[in-house]
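Protein chains in written order, with our numbering: chain E, 97 to 348; chain D, -2 to 242.
One thing to keep in mind: the hints can contain errors.
Below, a list of computed lysine-lysine pairs in the DSS-like style, where the Cα atoms sit at most 30 Å apart [claimed, not checked]: (1) E/K340 - E/K329; (2) E/K329 - D/K9; (3) E/K240 - D/K72; (4) E/K329 - E/K142; (5) E/K340 - E/K294; (6) E/K99 - E/K340; (7) E/K142 - E/K340; (8) E/K329 - E/K99; (9) D/K9 - E/K237.
Distance windows between CB atoms, simulated [as the list claims (entries may be wrong)]: (10) E/E194 - D/N168: 36 to 44 Å; (11) E/S255 - D/N168: 33 to 41 Å; (12) E/E243 - D/N6: 38 to 46 Å; (13) E/R183 - D/Q122: 32 to 40 Å; (14) D/G114 - E/T184: 35 to 43 Å; (15) E/E194 - D/A205: 23 to 31 Å; (16) D/T58 - E/T274: 31 to 39 Å; (17) E/E336 - D/M19: 45 to 53 Å; (18) D/N135 - E/V261: 23 to 31 Å; (19) E/R183 - D/T58: 46 to 54 Å; (20) E/D176 - D/A179: 56 to 64 Å; (21) E/P242 - D/Q227: 51 to 59 Å.
From the derived model, a few chain E residues whose C-beta atoms are all more than 10 Å from chain D [unchecked claim]: (22) G206; (23) I216; (24) D227; (25) V260; (26) R278; (27) S280; (28) N307.
None of these hints come from the bench; they were simulated from the model. Note that the coordinates shown come from a computational prediction; the quantities given were computed from them, not determined experimentally. Built from N, CA and C at the ideal position, the CB exists for glycine as well.
Listed here are the chains, written in short residue letters.
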Amino acid sequence: MIKGLYAAASSMLANASRQKILAHNVSNLDTPGFKQIVTSMGDFVKTSVVFPGTRQPTPSMMAYVGELGLGVDGIIETTDFGAGIVRTTENELDLAIEGPGFFALQTPQGIRYTRDGRFIKDLAGNMVSVDGFRLLDLNGKPIKLPEGRVVISSNGEISVNNAVVGRIGLSEFKNVETDLARESGNIFSAVNAPVASKSSIIQQGALEMPNIDPAQIATSMSIIARTYEAAQKMVQNQDELLGKTINTLGRI
Amino acid sequence: MASLFHVLNISKQDLMSRLIDMSSVSNNLANINTIGFKASRTNFQEFLEHYEKHGVKVGTTQVLMGQGMFKESDKPLDIAIDGAGFFAVRLPDGRTGYTRDGQFSLDAQRNIVHANGSRLIWSGQIPENFEEVRVENNGTISYRVGDVWSTAGVIPLTRFPNPGGLNHLGNNIWVESPASGAAQTGNPQTNNLGIIRPRVLEMSNVNAGDELTHLMTLQRIFTLSLRSFQQTDQMISQSINMRKG
């Protein structure tokens, strides 16, 4: 009975965590390049259940009933790297990637990767992310934009006033789910080194919106609420049963 | 372990961010007919701290410097900039303000003044006996006395390394900020400052369709965030009231 109590409680904890991930995803429904976090539940270790018959002389003679799960072993978080919808903005330095590539940014902690294509020019004329990190070119160098009209072609080549000034370097990962680790500010650090992207193209004047489906969010929300409620009811039921057991059996 | 109170905070931050974004969209929509107005955008960013999820944070506000459409005018001092520059005006407090709003006129002392009364900064003077003025593509202002046209001076233009970082003062006037970088001034048609178009005005660059679509999206996200907030609250209440009697 106590086992059941903990199993139900573990489900409540897991669903509280799922609710946190859901709130985080909802918060970023309007953050360009955001990749949603998806959750799955891990099974807790199973334990053998034996029937402790009253007349068995030795423990070995106890009747084996089967395996009992002990609830949920927390939640497993993964990032869904599926593509989001591309929205046109017509801003010169808004870029969207079509394909599996990532922009490479120079941060104080090293190179980081992002699909967030909101770029601006810093005071030195470098192309930087909205958080001020420099965008890197094919050779891993910052891209300096002279004054003038910027045209970026689909292969990432940047021209200012019809003169080519550089080419954006896109990176690609073999197993993107395991090769990248999420960090604050819509960026990822590489666990395994990337390769140059061959099949991605850049669209100027557009942004990739998050890959979250609001209908899916609404559904998950109901599932989380009901699962939490059910687990909470199970805790209550077992608490009542436990109380009855103690009060009834204890009375001689 | 995730505390549900922390989840409430994520949703609260989310709701506040949507409200900030809504006021930015409202401001853009309110200025859909303001000459020389530039739309701005609030950039939100995912927020994690020590790998703990915190939802979203307001990153930066960015002025979108895209060129507005031109509208013809019959006033000689209605001028527009085709390019990246700004007109410089002397603000009442002595600072230099920058604007793309080219609705200028002459005051009693024949100063060229902006709609809010600030004087345009230019090199020259229009004499008392002038009969007509005109502005050319290169910024030259000429005046006519009788049948003779003479040059009065040139309207310079100013540009910034990062115009998106200029501080907005209101009244369509911006001032230099550490984020914008130092002003670079020169004559029109030089250094990519742009061309002056006489007898036209630059319309607001706000795109009504985009802004309204964004507003609708924001309303939906707000509703979803609010539901998430209420649900977390309900989950907290359920766990508090779990033990009966």
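Check: Hint by hint, which ones does this structure get wrong, listed from lowest number up?
Finding: Violated hints: 3, 5, 9, 13, 19, 20, 23, 24, 26, 27; rest satisfied.
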